[in-house]
Amino acid sequence: MNKEEIIEALKTIIEPYSEEVTALAHIDENTDFINDLKINSANLVDIVLDVEEKFNIEIDNDSMAKMLTVKATTEIIAQKLEANAGQ
Amino acid sequence: MLGNDIVDLNLAKIQSNWRRKNYLDKIFTIGEQLLITSANNPDEMVWLLWSMKESAYKIHNRKTGIRDFAPKSLSCTIHTNSYGAVNINDSIYFTKSNLQTAFIHTIAAPVYGKLEKIKVAIYELPDHPDDYKSTKPGSVSHHGQYLALVY
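Line order of the protein sequences matches chains A and B.
Per the working numbering, the very first residue in the first sequence carries number 1; after that it's consecutive.
Per the working numbering, the very first residue in the second sequence carries number 1001; after that it's consecutive.
Chain B extracted, bound-state conformation (with noise of 0.2 Å):
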């Protein structure tokens, strides 16, 4: 099983403010919030953790079944190189980001191994594919001017 959650850095400043009162305390662990309030791109940070969370859920929710919005009990680590982990109740999914100037895209894996298979097609508006479907990605990932699909 495969995940990946693309962030569209443009559209992620107008449609969320993370700076609101409490908005970091709501979804981000103190380590992390740690990580933001000392990034010299607390922005980014932000958008790395998030995509590192949301792609680790796309493989959790799958393999267990369960659908919830609990984004603090998903804890990121970060290592070198964008390479990362995320590990939620007793589960390690394996992270790798690459970080651009508009957009920021994760890969999870459950095999740290796996990392390096997957293959990643990104797309910017208007070139988006119509029948992407059909090509069967592993996972899918639409956000702002970008759809990111991985198999």
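Just chain A, with the same shape it has in the complex (with noise of 0.2 Å):
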């Protein structure tokens, strides 16, 4: 999976979270979960659940706490996954 392809998956896991109509259609690396989207941060941990469904990763603490934006969410997800193909 490339990084392309892990943000459009990573937006459809966002969308139900947010009600930022024109911040949701322009997700880019930059978007900020919390300052564009608004997201409710008791709704971050159902984003990190999903993302664990989704890729099969588990997301530990200290890579929970960067996941603020799309930027570090994708890095997290690209680096689990890779750690995932390489056992």
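If you are wondering where the hints come from, they were derived from the structure by calculation, not from laboratory data.
Don't take each hint at face value.
Taking lysine-lysine and the BS3-like style, the derived pairs with C-alpha atoms no more than 27 Å apart in a straight line are [claimed, not checked]: (1) A/K38 with B/K1117; (2) B/K1114 with A/K66; (3) B/K1117 with A/K11; (4) B/K1063 with B/K1119; (5) A/K38 with B/K1063; (6) A/K54 with B/K1072; (7) A/K80 with B/K1119; (8) A/K71 with B/K1026; (9) B/K1063 with A/K71; (10) A/K38 with B/K1072; (11) B/K1072 with A/K71; (12) A/K54 with B/K1119; (13) A/K80 with B/K1013.
Each pair of labels, with its calculated beta carbon distance range [said to hold, decoys possible]: (14) A/L24 with B/D1068: 33 to 43 Å; (15) A/N30 with B/R1020: 27 to 37 Å; (16) B/R1020 with A/D60: 28 to 38 Å.
So the derived list for chain B, only partly shown, Cβ under 7 Å to chain A, looks like this [claimed, not checked]: (17) Y1023; (18) A1070; (19) K1072.
The structure displayed is predicted, hence computed values, not measured ones.
Heads up, the beta-carbon is just placed ideally off N, CA and C, and yes, glycines get one too.
With the hints in hand, could you dock these two chains into one complex?
And the structure:
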């Protein structure tokens, strides 16, 4: 899965948690979940759990701590997928 | 520095399913999870602990300049009469919560004695003041029907 494919999959996960139609339509690497998409922080946990299920990876607490932007989240997913593939 | 956090319990009910598998484990320490599972009202305990963490984080984030999402590293202790404390690494923040049937509101301060000096204003829609920023609140919290300001 390349970066663009990860971002596309991530978009589908994020959508139900944001009502910011314009920001959702313009999601890119720099999009911030809280500042741009106004996602409730309790729903960030849902996004982390959805990411775990969708990509079949485990997000540890240190990784979760960084998951506030599309860029950081995409990087973490790519790292975990790579680690899984190497097993 | 002050922190505050309000949870609209009616919105929380539809917005968040904390009973989802692994949800509690991502946010709460083992001790906090025990408080939730043994509580008479687990919903109230979940959002009480959450508002304690959020209100303390708002101070800690400004103090350290570090922005992260690490709710499990914020460890809550509940004392009597809705007073509590939140430990984040080597810092401690003191909290006081107001538990109502429609909302839970928590205020936080780095010094225990400051809690009693905090002035709280809670507004319910449609009565949110437009110009609240000009009143220079020490912390602002929005959720659902509610706007909470502390000074």
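Results of checking the hints against the structure:
| no. | hint | verdict |
| --- | --- | --- |
| 1 | A/K38 with B/K1117 | violated (31 Å) |
| 2 | B/K1114 with A/K66 | violated (32 Å) |
| 3 | B/K1117 with A/K11 | violated (44 Å) |
| 4 | B/K1063 with B/K1119 | holds (21 Å) |
| 5 | A/K38 with B/K1063 | holds (23 Å) |
| 6 | A/K54 with B/K1072 | holds (23 Å) |
| 7 | A/K80 with B/K1119 | violated (46 Å) |
| 8 | A/K71 with B/K1026 | holds (21 Å) |
| 9 | B/K1063 with A/K71 | holds (25 Å) |
| 10 | A/K38 with B/K1072 | holds (22 Å) |
| 11 | B/K1072 with A/K71 | holds (23 Å) |
| 12 | A/K54 with B/K1119 | violated (45 Å) |
| 13 | A/K80 with B/K1013 | violated (32 Å) |
| 14 | A/L24 with B/D1068: 33 to 43 Å | violated (24 Å) |
| 15 | A/N30 with B/R1020: 27 to 37 Å | holds (29 Å) |
| 16 | B/R1020 with A/D60: 28 to 38 Å | violated (19 Å) |
| 17 | Y1023 | holds (6 Å) |
| 18 | A1070 | holds (4 Å) |
| 19 | K1072 | holds (6 Å) |
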